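Enquirer: Okay, here's what each chain looks like letter by letter:
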Amino acid sequence: MNNQIHKLTEKFYGSLYRIRRVEEEIARIYHTDKIKSPVHLSIGQEAISVGVCEALRPDDTVFGTYRGHAMYLAKGGNLKKMIAELYGKSTGCSKGKGGSMHLIDIARGVMGTSAIVGTTIPLSVGYAYALKYKKSDSIVVSFFGDGAVDEGAFHESMNFATLKRLPILFICENNLYAIHSHHLRRRHSDNIYERARTYGMRAERIDDGDIFKIYEFTNNYVKQSMLGNIMPVFLECITYRWKEHVGPNDDFHLGYRTKDEAEYWIQNDQLKKLKSFLDTDISTKIESEIELEIKDAFEFAEESHFPEANELYTDLFKDSKCNGF
Amino acid sequence: MQRILSYPEAIKEAIEQEMTQNPSVIVLGQGIDDPKGTLGTTKGLVDKFGTERVFDTPLAEDGMTGVAIGAALAGLRPIHTHIRMDFVLLAMNQLINMAAKMRYMFGGEVFIPMVVRSIIGKSWGQGAQHSQSIYPLLMNIPGLKIFAPSTPYDAKGCLTQGIRDDNPVLFIEHRLLYYQRGYVPTGNYTVPFGKARILANGEDITLVGISQMAIECLRARQYLKEIHIEAEVIDPVSLSPLDINTILDSALKTKRLMVIDNAWMTCGAGAEIITQLIERNLPRDVVLKRMGFASVPCPTTPSLERYFYPDAKTIALNAYQMLFSGKKTWQPRTELQIEEVEFKGPF
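Here the protein sequences come in this chain order: A and B.
Read left to right, the first sequence gives residues 1 to 325 (the numbering used here).
Read left to right, the second sequence gives residues 1 to 347 (the numbering used here).
Hint data in this document are derived by calculation from the structure and do not stem from the laboratory.
Here are the simulated lysine to aspartate or glutamate pairs, EDC-like style, with alpha carbons at most 20 Å apart: (1) A/Lys318 with B/Glu109; (2) A/Lys259 with A/Asp207; (3) A/Lys164 with B/Glu52; (4) A/Lys164 with B/Asp47; (5) B/Lys328 with B/Glu230; (6) A/Lys164 with B/Asp33; (7) B/Lys195 with A/Asp319; (8) A/Lys132 with B/Glu52; (9) A/Lys7 with A/Asp210; (10) A/Lys164 with B/Asp56; (11) A/Lys164 with B/Asp34; (12) A/Lys89 with B/Glu109; (13) A/Lys132 with B/Asp56; (14) A/Lys273 with A/Glu10; (15) A/Lys80 with B/Glu109; (16) A/Lys318 with B/Asp166; (17) A/Lys135 with B/Glu52; (18) A/Lys134 with B/Glu52.
Short, incomplete list of chain A residues facing chain B, as computed with Cβ under 7 Å: (19) Gly126; (20) Tyr129; (21) Leu316.
Predicted model, so just to flag it, every value in this text is computed and none were measured.
C-beta: ideal position from N, C-alpha, C; glycine also.
The following block holds chain A by itself, in its conformation from the complex (with noise of 0.2 Å):
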């Protein structure tokens, strides 16, 4: 392994662990009922979401949805914030109002996460024709479900995204589950990218959930949008959820899905295959220093107060005064 692999797989084993770590620990506290809030976990899925996230630069710019915990610690989301939105604390986030499903770090590019299904895809596609208009080098990326592909919102989006040229890389993460529904009770083929590619852009698909290959593509999309190419592209990632659609357990018992369809996925967990690259101690310090800042994150939102009752009325609308440009 050369050194910049070698450098990259630490990378990648880090912000992977970090986020498995994270939300087994939500799975496990979640039974003391200190997050009221509805968790939908991503454990399975987080390649999608390093392998891009690793690709973007701090000001580009992520949209994602209620399933959006690997996206906001990729991006580099506040890991301490987030927990304490979970626990509806006012150092959350959101101050405690938006919990789990709406997740934002400005900062860190991380725009904001949706609960209604599609609904941040039209409004990614908005960022970068503003972006466009404002001649900013940088894109936008939006992340979205195979079941948002059945949304009006999302062929509107496609539609104009490529009428209008924009800077959006269109990232399908395709666990073929809509909660309980397989994919292909809801729609007559396996084509989502290759419907994407009839609106005009670039589409492809990566059916193995390979890290380097989802950071590759997304690298060279970023290289190519700073020499100038801007079209949007799509790409349609096959994943697979663990955990059941909400909450923190597994759900084969329900008998929608069968253990055997996991089992593939779970022996190609990219976590397990990234650290069996690694050298141990390499791998046992990564792992030490996230389990501290995971447990300081708990702690921090332990210790944080809820929001004082006057914060009800608050941050509905802000003060208005014409913004200049």
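Dock chain B against the given chain A, drawing on the hints supplied.
Expert: For chain B alone, kept in the frame of chain A given last:
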């Protein structure tokens, strides 16, 4: 000399002046750059400001509302224009689930400076899907501000305020208001949210007319004047937030108040206004009433459409009955010609 402009001219002037002063203002919407330019209100803007700032959109109301929100998040000030208010129904997901809530649900981290313009249709058989006034639905949603001005002066001032406001603003126009002419200052000015306007003073009854119904109320006032009834006419202008105090003061003075809504009545603006008055301990002897659309979809045939809407005569008749408790009879004179009510101002 006071300069007289039409309602659409006032709208166009507000947009043009704000675009000139602030490069972050953009205008998008179906057909806004076509030869007719949204009934004249956006005509010529593309020549002046270019296709990046003024552009036609695909027929994708929900998606394009999201695009406007996204652009606003990135610092632009989009004006998204719908030539019919009915089309806003296609954008409800983005408008209600996103625009109205994002600032609050992200703890004040973002703001959405955008304007949604929409025009209510009426007359010449606009029918069930081209005449709806859905502002009562939207008044139900925290996080949206709503203007429905009836005069050219307020149209320019409210729209300027809406463009400069850092929040999602709905700007509601009415097709028949496009015939209104009135005093409009040449320079920039704003009309504030949450301030109703008394269009005419009177002692005997208060008529609160929303959007184009404010004009019908002024006409009704002319009929009533013939029989020496002086009606006070109030245009709320800003529906959300609502200036209930101006309306309350008038109700306390005249002891009779009727809200004439430009929409259906159930759970409507009239229901809201009257309830707020009652909650402010309005004396029990004040007589209250509301008028609005008949509770059916709007028919196209003129023979039925005339019964669907309140108009100057039915408003005058209802006002008369409130004053005399149905003890006397009266019909507004049919031959009375009431000219267009122009607002000479200044306000």
